[in-house]
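Two chains, two frames, some hints: make the complex.
Quick note, the sequences are listed as chains A and B, same order.
Per our numbering, the very first residue in the first sequence carries number 1; after that it's consecutive.
Per our numbering, the very first residue in the second sequence carries number 166; after that it's consecutive.
Hints are computed from structural coordinates only; laboratory data are not their basis.
All values derive from a computational prediction rather than experimental measurement.
Ideal placement from N, C-alpha and C gives every residue a C-beta, glycine not left out.
Any given hint could turn out to be false.
To give a feel for the contact side, a few chain B residues facing chain A, derived at Cβ under 7 Å [claimed, not checked]: (1) 178; (2) 197; (3) 222; (4) 224; (5) 247; (6) 259; (7) 261; (8) 263.
Straight line, CA to CA, 35 Å or less: simulated DSBU-like cross-link-like pairs of lysine-lysine [stated by the list, open to error]: (9) B:211 x B:227; (10) B:211 x A:151; (11) B:227 x A:151.
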Amino acid sequence: MELSDREHALIAALCDGLPLDSRPYRALGERVGMGEAEVLACLEAMARDGIIRRLGVIVRHHELGYRANAMVVWDIPDAEVGAVGRLLGNAPEVTLCYRRPRRPPDWTYNLFTMVHGRDRESVAAAIEALADREGLAHHPRQVLFSLRRFKQCGARYGRRREAAE
Amino acid sequence: MLDAADRRLLAEFQHHFPLVPEPYAELAGRLGMDESEVLERLAALKASGHISRVGAVFTPHKVGASTLAAMAVPPEWLESIAELVSAYPEVNHNYQRDHRLNLWFVVAAPGRDEVRAVLDDISARTGIAVLDLPLLEDFHIDLGFDIRWS
Numbered sequence: 001m002e003l004s005d006r007e008h009a010l011i012a013a014l015c016d017g018l019p020l021d022s023r024p025y026r027a028l029g030e031r032v033g034m035g036e037a038e039v040l041a042c043l044e045a046m047a048r049d050g051i052i053r054r055l056g057v058i059v060r061h062h063e064l065g066y067r068a069n070a071m072v073v074w075d076i077p078d079a080e081v082g083a084v085g086r087l088l089g090n091a092p093e094v095t096l097c098y099r100r101p102r103r104p105p106d107w108t109y110n111l112f113t114m115v116h117g118r119d120r121e122s123v124a125a126a127i128e129a130l131a132d133r134e135g136l137a138h139h140p141r142q143v144l145f146s147l148r149r150f151k152q153c154g155a156r157y158g159r160r161r162e163a164a165e
Numbered sequence: 166m167l168d169a170a171d172r173r174l175l176a177e178f179q180h181h182f183p184l185v186p187e188p189y190a191e192l193a194g195r196l197g198m199d200e201s202e203v204l205e206r207l208a209a210l211k212a213s214g215h216i217s218r219v220g221a222v223f224t225p226h227k228v229g230a231s232t233l234a235a236m237a238v239p240p241e242w243l244e245s246i247a248e249l250v251s252a253y254p255e256v257n258h259n260y261q262r263d264h265r266l267n268l269w270f271v272v273a274a275p276g277r278d279e280v281r282a283v284l285d286d287i288s289a290r291t292g293i294a295v296l297d298l299p300l301l302e303d304f305h306i307d308l309g310f311d312i313r314w315s
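Next up, chain B with everything else stripped away, as it sits in the complex (with noise of 0.2 Å):
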């Protein structure tokens, strides 16, 4: 269970992070807690799965190319062909969705034609057409999640 003190580390913490040396000992500071406590909690919510890491979210395009892809795999192949898709390194969101258009993800990569060969690529191995919708622009300001506790 979360209590108070990882709510905070959640909430207050997803954007705006220390560039000091010691990070975490100003983290701590501002929670009124000892650093060696910060890292424990974030390390429990790392391992619990809360958090996927403490990192940075790059501006699409500005590094690298990326690109969302849709397919509509029939239901009997979908688990196989999922699998398949996931196990790209360039792959790094991959949900199913109800739409006949049923699997859908994420391809990120150096270049454009980087991830055009991975979507190539996977059309080739699975005869199975693949959607590249590219971003083509952005319209919201990412300050991380906003977390409703209730």
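Excised from the complex, chain A in its bound form (with noise of 0.2 Å):
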């Protein structure tokens, strides 16, 4: 799927957030040269098309009293990833699971979930328990917990040039 150079640079402006402001698509566009029904029917595409995930209130889970954010990361075989993501993917538990590459010897996981809670110890009791749940408590699998957040913003996926602040 190919952006125009038009979409690319309200994706941009997007990064920074949608203004507080009573119209703030117009206000948007205005930083593009687009206007507001323009910026409406392109957003609409691209949530159509499935270029946007989600649009909405984006959250902070430590401010919000989740202090624990553990990577559980799982070695499951080739043959069955998929099945195991799709299970993983709709637990109740994990807020995000995706498969990666394993980079032996150095790294051999290659499904990764991320698990949210309060404070350590529910969160390792968690992960026990969605691994006895789901049959899984077999497979190899490592908890990472944050230890400290150096760095946390939305992505952005605009050129050098538009991106800079």
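Structure (structure tokens):
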């Protein structure tokens, strides 16, 4: 799917967030030389085509009291990883579920899930329960808790010139 | 402190944000508030860090390219190398995790070549190998974060 330069400019402008203004789409359009109706049509098309996955309030877990954030990585046989990925992707505890490549010998895990919770103990227990419930306890896994957040912001897909702050 | 109206704003508008000329007025109508109150509350939630923005999450690889990267950084260098990594505008998440690979970050850019260039640059400047773990398949339907208030 090829996006036009105008769409790229709109995406770059949207990376900063929708203005908190009565007419936010008009304000966004003013930054990229688009009218309000064109911005709305463009965003609708991107949502319909699955380019925008979700439009709305983007919360910060840590500030909402979810202090424990675990990246749980699993080593699942390649033939099973699709089925297991769909299972974990639908599990209520899991907020992200991605298949990524192995990089042996440094890294042998191919399925990545995120689990958030109030504290480390409850997250560890939830992961244990998840593995048992889904019949995955026999697969090698590791839990990587976050110790420190150095940076968290939205992705900037715009070209550097447009994304410059 | 968050009150009931803040909680509804956070819980109910993480997806399907209205694509109409006056979306905050529409939110206000659904919540039984004035538009100005919705705007004030969202500004306050942003200032307090509870929300990062009202905005879009793009589907990985449909717009641009991205990867998850990991490095095994000697503990005494962690702070300075984390700072070096965070300074790239292409880096949007950067965490220390409890593993031999202790620095994990996401790099997003218009194309795969630009992503690779950032990883190569970080590796060249620090002398530490950077593991490149791009997304191959996404199994999660993203409806936002399910907040349990208890």
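Verification of the hints:
no.: 1; hint: 178; verdict: holds, 5 Å
no.: 2; hint: 197; verdict: violated, 18 Å
no.: 3; hint: 222; verdict: holds, 5 Å
no.: 4; hint: 224; verdict: holds, 5 Å
no.: 5; hint: 247; verdict: holds, 4 Å
no.: 6; hint: 259; verdict: holds, 4 Å
no.: 7; hint: 261; verdict: holds, 4 Å
no.: 8; hint: 263; verdict: holds, 5 Å
no.: 9; hint: B:211 x B:227; verdict: holds, 28 Å
no.: 10; hint: B:211 x A:151; verdict: holds, 16 Å
no.: 11; hint: B:227 x A:151; verdict: holds, 24 Å
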